Every structure is written in structure tokens, then in C-alpha cells.
Amino acid sequence: MLEVRGLQKRYGARAVLDDVGFDVVEGRMTGFVGGNGAGKTTTMRIILGVLDADAGTVALDGALLGGGDRRRFGYMPEERGLYPKMKLTEQLVYLARLHGFDAAGAKRNADELIDQLGLGERRDDEIEKLSLGNQQRAQIAAALVHRPEVLILDEPFSGLDPIAVDTVVGVLKDRALAGVPVLFSSHQLDIVERLCDDLVIIAGGTIRASGSTASLREQHSGLRYELLGSADAGWLREQPGIHVAEFDAGFAVFDADSEAAVQAVLREAVSRGDVLTFARQQRSLAQIFTEVIQ
Amino acid sequence: MSTATSSPARPGSAGPDRAPASPSLAQAAGLVAGREIRARLRSKAFLISTGILLLLVLGGIIASNLIGANAGPTKVAAVGQAQQLLDGQKGLAVTDAADRAAAEKLVRSGEVDAAIVPDDTSPTKLTIVANDEAPGSLVQQLSVTPKVTLLDPDAKDGNLRYLVALAFGIVFFSAAMTFGQTIAQSVVEEKSTRVIEILVAAVPARALMAGKVLGSSVLAFGQIALIAAAGVVGLTVTGQTEILQLLGAPLVWFVVFFIFGFVLLASLFAATGAMVSRQEDIGSTTTPVTMLVMLPYFAIVFFNSNALVVSVMSYVPFSAAIGMPLRLFLGDAQWWEPLIALVVLIASTLVVLAIGSRIYENSLLKLGARVEWKDALRK
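Residue numbers (UniProt numbering), protein chains in the order written: chain W, 1 to 294; chain Y, 1 to 379.
Since the hints were made in silico from the structure, they are not lab data.
Check before you lean on any hint, since a few could be wrong.
Below 20 Å or equal to it, Euclidean Cα-Cα: the simulated SDA-like pairs (lysine to any residue) are [as the list claims (entries may be wrong)]:
{"hint": "1", "chain 1": "Y", "residue 1": "Lys366", "chain 2": "W", "residue 2": "Tyr83"}
{"hint": "2", "chain 1": "W", "residue 1": "Lys85", "chain 2": "Y", "residue 2": "Leu41"}
{"hint": "3", "chain 1": "W", "residue 1": "Lys107", "chain 2": "Y", "residue 2": "Ala39"}
{"hint": "4", "chain 1": "W", "residue 1": "Lys85", "chain 2": "Y", "residue 2": "Gln81"}
{"hint": "5", "chain 1": "Y", "residue 1": "Lys374", "chain 2": "Y", "residue 2": "Ile355"}
{"hint": "6", "chain 1": "Y", "residue 1": "Lys366", "chain 2": "W", "residue 2": "Lys87"}
{"hint": "7", "chain 1": "Y", "residue 1": "Lys75", "chain 2": "Y", "residue 2": "Val171"}
{"hint": "8", "chain 1": "W", "residue 1": "Lys107", "chain 2": "Y", "residue 2": "Lys75"}
{"hint": "9", "chain 1": "Y", "residue 1": "Lys379", "chain 2": "Y", "residue 2": "Asn362"}
{"hint": "10", "chain 1": "Y", "residue 1": "Lys366", "chain 2": "Y", "residue 2": "Ser137"}
{"hint": "11", "chain 1": "Y", "residue 1": "Lys366", "chain 2": "W", "residue 2": "Glu78"}
{"hint": "12", "chain 1": "Y", "residue 1": "Lys379", "chain 2": "W", "residue 2": "Asp54"}
{"hint": "13", "chain 1": "Y", "residue 1": "Lys44", "chain 2": "W", "residue 2": "Pro84"}
{"hint": "14", "chain 1": "Y", "residue 1": "Lys366", "chain 2": "W", "residue 2": "Arg194"}
{"hint": "15", "chain 1": "Y", "residue 1": "Lys366", "chain 2": "W", "residue 2": "Gly37"}
{"hint": "16", "chain 1": "W", "residue 1": "Lys87", "chain 2": "Y", "residue 2": "Leu41"}
{"hint": "17", "chain 1": "W", "residue 1": "Lys85", "chain 2": "W", "residue 2": "Glu126"}
{"hint": "18", "chain 1": "Y", "residue 1": "Lys75", "chain 2": "Y", "residue 2": "Glu104"}
{"hint": "19", "chain 1": "W", "residue 1": "Lys85", "chain 2": "Y", "residue 2": "Arg38"}
{"hint": "20", "chain 1": "W", "residue 1": "Lys87", "chain 2": "Y", "residue 2": "Ser192"}
{"hint": "21", "chain 1": "W", "residue 1": "Lys85", "chain 2": "Y", "residue 2": "Ser277"}
{"hint": "22", "chain 1": "Y", "residue 1": "Lys379", "chain 2": "Y", "residue 2": "Ala205"}
{"hint": "23", "chain 1": "W", "residue 1": "Lys87", "chain 2": "Y", "residue 2": "Val309"}
{"hint": "24", "chain 1": "Y", "residue 1": "Lys366", "chain 2": "W", "residue 2": "Pro240"}
{"hint": "25", "chain 1": "W", "residue 1": "Lys107", "chain 2": "Y", "residue 2": "Ser22"}
{"hint": "26", "chain 1": "Y", "residue 1": "Lys125", "chain 2": "Y", "residue 2": "Leu142"}
{"hint": "27", "chain 1": "W", "residue 1": "Lys107", "chain 2": "Y", "residue 2": "Ser277"}
{"hint": "28", "chain 1": "W", "residue 1": "Lys85", "chain 2": "Y", "residue 2": "Gln185"}
{"hint": "29", "chain 1": "W", "residue 1": "Lys85", "chain 2": "Y", "residue 2": "Gln181"}
{"hint": "30", "chain 1": "Y", "residue 1": "Lys44", "chain 2": "W", "residue 2": "Glu126"}
{"hint": "31", "chain 1": "W", "residue 1": "Lys85", "chain 2": "Y", "residue 2": "Arg194"}
The model shown is predicted, which means the values in this text are computed figures rather than measured ones.
Construct the complete structure from the given sequences, taking the supplied hints into account.
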């Protein structure tokens, strides 16, 4: 488990990070979401040791990280970059070898990733001759080619079409299943929602929420239910502990003060006619995000 | 990582799951150097410029050989007793002529360059008859010159001194400038493409810089060696071996000084290159280094006949590679002098490497504006 604790970073008078802390658990995909300038990239650069924090620690399985430990990390920087004139395979082999793989092992890893990411026909192309989407995949391959034990990816999906997103998601999930903690930032909330097991929400340099996606949803959804019945739902307004949010003949959306009030509504609805739908409304990540960062 | 990383096995993946141990500093530097060399060898600009240099050297040798051959013996017509006087004179092809009129006819027809006829009124008892200009060498040969005694018969003449200074100077200067700029550019390329963030996460900055300096140095030596080999082969094939014998030991010293001097400059270029993030800005930090290369070069080319200046220059690390071999060639230096200059050079190279790698490490990840000198040099 990667543990980030109490990170502080200032640029002059401006605090960029204030007491940033969260966990990235192995075997799980952790989404790191926040608006532009919220501190995502700064946090990731500090985790990677590319930037020094003013205070705070980063530990892996309880041991504080030193320079050498981070070699086992896979990193995809926010601003993409590979050698423009190097061929794709050659580039990946070089990076794997810098991490200690021998020539044969490096080649094997590179070939495998190139195939997994659907870059097979491009393996001998120079990076600068690849399309932007393919450059992005190459960048992901560069972060994975040394079989890292921790993955830190800054906006890995930006610039990818939906099919490419699925390909990349498949490769990353593979790694997570193999027990690698995966932290990735994104502001494409729909992808994050579909993909992450855990979520860390940052705004203005502070962590606003973190935990498993399911529990966050639970916490922030409240008791909002929707009801669709055969009878007019006007009676709901008179029901104690209930606040109607939307109303249209037999359909209504309401917030309840307590579980008991919810059950009372259900009983009342059944007694008044057929109940076609009675369900708790899950709030989308986008809604939770907007709420949390305010 | 605990057991969590090794299980469950990822489907469809071959080989070990874990990354092997990090490469040693030397291995990492070797990998970086290897990439640097391959990238350069693939650059058309580099291959073409090397080709042009080779052609220039070979062309120069062949041209000087042809010019030498064309000069050939001067053809002269000799009349009467002039024939005996010309016996034993070198570089002349003598044609006998019956009398002055016959000789003049040969000159007019262009069959000979000049005619030599007896003339009692001349101090040398000879008159040279030529069309519009008498061959200078012939005039010199037949002139009466005072006896000359040389106290230092080994001293080389001014022209040769200048040529050798120029040759050492140009080779060192052009290698330092082209390879130096290339190193700076390749450092900036890594910053501007952000590859550097991935590289630094993989290997220490020291290994990166060492690899860059090493790779460029190997290429520079390779290029110089190729040119030198072409020169030696060319001179040997065309039979101009005297120059080779003259240059022997100074040339060896030149190579030794070149190696260390180049490493020194390469690390300065790498360090100052790391201070900027865009190719357009390279000049703003590498200019001082460029000056360090240019000033001693011009000094030694312009003051090559000033013994004091050359002596000083032969000890200054930036110009020792030009100055010391020149003094050795001229026979001005004692046997121990190149050794001391070499120690000075190696010591300064080590100091510069230490400072350079500090600048490099401090500047590498600072993107955007040019890194200030005080930040770059900070511990």
C-alpha cells in the first residue's frame, strides 16, 4: 500500500498542497480527481520524487521511500514526452533497460505491451510519426514497460478515443489485478466512475474526500428515492419527514429524513395503488464531486 | 512490496513480474551513452558533416601532392659552357642548344621555361633568357648567396609553425563546438519533451550526465581518429611521409590532451544546457562556455609566434590541447612540461565535472524559465 501523509508544498506565498494524505491500495484502481490547478500533478510529482515536498511523507508498505525505491514505480508525466526521433520498440527497450532489464527481457516486455495496446503495426515507427492517440498509448507503454510495482499516471486517458480508452483500461486493470497499486488522475469523471475502486478528491490543495467509490457514493447520496405509482403522488407532500424534489402525476423524487420515513412512504404508496418503481437514487460522481469541492 | 504483488499471476504475461535490480551507475551511464551514440549515428547532419571533413582532409592531401608533382623540374635550354655550370644542379631538366639564337627560339616556342647563356658581363657569368618572367627558383639557384650558418638548425619555419597551430586549433575547436552544442541540445531535448521526468525516476541524474558526456566523447574521438587515420593513410599513399615523422609525438600528446579537454568542455556544455528548457534559449547559458573555447583558440592562432603567450596557453586547461602539442612540435617544451600541463588539465576536469554535475542535477527538473546561476550552483 502506498501511503501519502501530510504533504505540504508552497510556491512563494501560495500554498499548492496543504496536508494532503491518502492511501493507494494494491490491487485497486484509485482515481485522483480535481479541477485544474487543484494540486493533482504536484502531488504525483512529489510521490515520484521528481519534486520535493516542503513537508510530509510517502511510504510504501510502511517504509519511507528513498530515491532508489521509486525506480520500481511506473510514471506517466502530465506533459507527455518521449524521444521524438526514436523508434517505438527501441524507445521502450531503452527505458526497460534503464530499469535493469537485460536486452532480451526488455524486448519481451516491449513487444508484449505493444501488442496489448494495439500498436503492433507501429512498432518500428518513430515516435514523432505516430498520431496523438498512438503517442499517448506509447506513453502508457513507457510507464509500464519495466513491470513497475506501483503505477502513477497523470491523466492517462486524455486525448484517447473511447475504444482506445477501453484498451488502456484493460491493460491497467490487468496490472491492478496482479496486485499493483494504481493511482491515476483524470478530470473525465465518467471514466473515473466506471473504472475506479477508490477515489481521492482534491480541491484547492486539500483532500476533500477519499475512500472507496461505493462508500463515497453511500455517504453523499443521502436518502433520495424515486417513486412511480399508478396513483397521483400528491399525498407525498403531507407525509412527515419527506421533502419532495420533483413531482409529476404518479412520479416523484423525494428526500427522506430517516429510513423509517422511507418505509412509511412505501407502505402508504402500496395502500394507494400499484407501485411500479421504488428505488434509491445513486448520485453520479459528477454530482458528488461538485458537492464535495464546494 | 509484500506477497500481494506476486499473486495472482497476470494472464497473458510472459517473464518475471518484478523488475530486476536497478542497473549500476556505470551500466546506466553505458546505456545512456549507447543511446546517445546511436541517435547521433542516425542523424544525417552528423554523417554528412563527417563525410565532408574526411573529403576535405583527403582532398587537401591529394591536392598538395598534385601541386608538388606539377612543379616538377624546371626545363631550361643551356648554351656552351653554361651546360657545365648547370651540371649537378637539382630540379632542372637541361636541353642543349647550339647558340643563343637557338636557345631563344626554344624559349619562345615554350619548349623550355628559360634559357641559360654565357655572359661575361654578368657577375655569375650567365644570363637567364625567359619570355616574360624568369622562374624564381632558377634565379635563386643561380644567384650568389652568402654562406649561412644556423645556430638552431631544428627550428621550424614560420609558415609551418602557423599551419600546425592552425591544424591543431581547427580540429580541437570544431570538435569542441560541434559536439558541445550537440550535447547541450540533447540535454534540452530531454527537458523540452519531458522525457527527463521518466529518466530521472529511473536512473540518477549523475548517470545521465556521465552517459551523455561519455557518448559524445566517444563520438568525438571516433570522428577525430577517423580523420587522423584518413590523413595518415593519405599522406603515406601519396608518399608525403616527412610531415608524418615531424608530427609523431606532438600528435600523440594532442590526442591525450584532447581526450581530457573534451570531457571538460562536454560536461560544461551538458551542465549549462540543462539550465534552459527550450532550444531557442541554449545560447543564453552556453555562451560563456563557447567563449572559453573560442578565446584560447584565437589567442593561440594569432599569437603562435609569441613564445610567452603560447607557453601560458599550453598550461591553461582550455587551450592546452592546442598549445602544448604546438610547443612540442616546435621543440620549445621540456619533456616534463606536458606532464604538468596534463595534471593541471585532469585536476580541472575533475573539478569541472563536480561543479557541472551539480548544475545539471539542480537544473534538470526545473522547467520553464532559465535557471538562475545561484540556484544551479546551490548545494
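Each hint, compared with the structure:
1. With a C-alpha separation of about 19 Å, the suggested pair Lys366/Y and Tyr83/W falls inside the 20 Å cut-off, and the hint holds.
2. Restraint check for Lys85/W and Leu41/Y: the C-alpha separation of about 12 Å stays at or below 20 Å, so the hint holds.
3. Distance restraint check for Lys107/W and Ala39/Y: the Cα-Cα separation of roughly 19 Å lies within the 20 Å cut-off, and the hinted pair is therefore satisfied.
4. At roughly 78 Å between alpha-carbon atoms, Lys85/W and Gln81/Y are farther apart than 20 Å, so this suggested pair is violated.
5. With a C-alpha separation of about 12 Å, the suggested pairing of Lys374/Y with Ile355/Y holds against the 20 Å cut-off.
6. For the hint pairing Lys366/Y with Lys87/W, the CA-to-CA distance comes to about 27 Å; that exceeds 20 Å, so the pair is violated.
7. Straight-line distance between C-alpha atoms of Lys75/Y and Val171/Y comes to about 40 Å, which puts the hinted pair past the 20 Å bound.
8. Among the hinted pairs, Lys107/W with Lys75/Y is inconsistent with the structure: their alpha-carbon atoms are about 72 Å apart, more than 20 Å.
9. Only pairs whose Cα atoms come within 20 Å are accepted, and Lys379/Y paired with Asn362/Y is accepted, the gap being roughly 8 Å.
10. Of the supplied pair hints, the one linking Lys366/Y and Ser137/Y is violated, its CA atoms being roughly 68 Å apart against a limit of 20 Å.
11. The suggested pairing of Lys366/Y with Glu78/W holds, with an alpha-carbon distance near 15 Å, which does not exceed 20 Å.
12. Of the pairs offered as hints, the one joining Lys379/Y and Asp54/W holds, with about 17 Å between alpha carbons and a cut-off of 20 Å not exceeded.
13. As the CA atoms of Lys44/Y and Pro84/W are separated by approximately 15 Å, the hinted pair is consistent with the 20 Å bound.
14. About 36 Å separates the Cα atoms of Lys366/Y and Arg194/W, which puts this hinted pair outside 20 Å; it is violated.
15. Restraint check for Lys366/Y and Gly37/W: the C-alpha separation of about 18 Å stays at or below 20 Å, so the hint holds.
16. Our distance criterion of 20 Å between C-alpha atoms is met by Lys87/W and Leu41/Y, whose separation comes to about 14 Å.
17. Taking the CA atoms of Lys85/W and Glu126/W, the gap is about 5 Å. The hint holds against a cut of 20 Å.
18. Annotation: proposed proximity of Lys75/Y to Glu104/Y holds, straight-line Cα distance about 13 Å (limit 20 Å).
19. Between Lys85/W and Arg38/Y, the direct Cα distance comes to roughly 11 Å. Compliance with the 20 Å bound is thereby established for this hinted pair.
20. For the suggested pair Lys87/W and Ser192/Y, the alpha carbons sit about 18 Å apart, so the restraint of at most 20 Å is met.
21. With a CA separation close to 18 Å, the supplied pair Lys85/W and Ser277/Y stays within the 20 Å bound.
22. In summary, the hint linking Lys379/Y to Ala205/Y is supported, as the alpha carbons are separated by about 15 Å, within the 20 Å threshold.
23. For the given pair, Lys87/W sits about 50 Å from Val309/Y by alpha-carbon distance, which is inconsistent with the 20 Å threshold.
24. As the CA atoms of Lys366/Y and Pro240/W are separated by approximately 62 Å, the hinted pair breaks the 20 Å bound.
25. Simply put, Lys107/W and Ser22/Y have alpha-carbon atoms about 17 Å apart, close enough for the 20 Å limit, and the pair holds.
26. Between Lys125/Y and Leu142/Y, the direct Cα distance comes to roughly 10 Å. Compliance with the 20 Å bound is thereby established for this hinted pair.
27. With a C-alpha separation of about 31 Å, the suggested pair Lys107/W and Ser277/Y falls outside the 20 Å cut-off, and the hint is violated.
28. The hinted pair formed by Lys85/W and Gln185/Y meets the criterion: a straight-line CA distance of about 14 Å does not exceed 20 Å.
29. A threshold of 20 Å between alpha carbons decides the hint, and for Lys85/W with Gln181/Y the separation of about 18 Å falls inside it, so the pair holds.
30. Proximity of Lys44/Y to Glu126/W is assessed by CA-CA distance (about 15 Å); at most 20 Å being required, the pair is judged to hold.
31. With a CA separation close to 14 Å, the supplied pair Lys85/W and Arg194/Y stays within the 20 Å bound.
Going through the hint list in order, the structure does not satisfy hints 4, 6, 7, 8, 10, 14, 23, 24 and 27.
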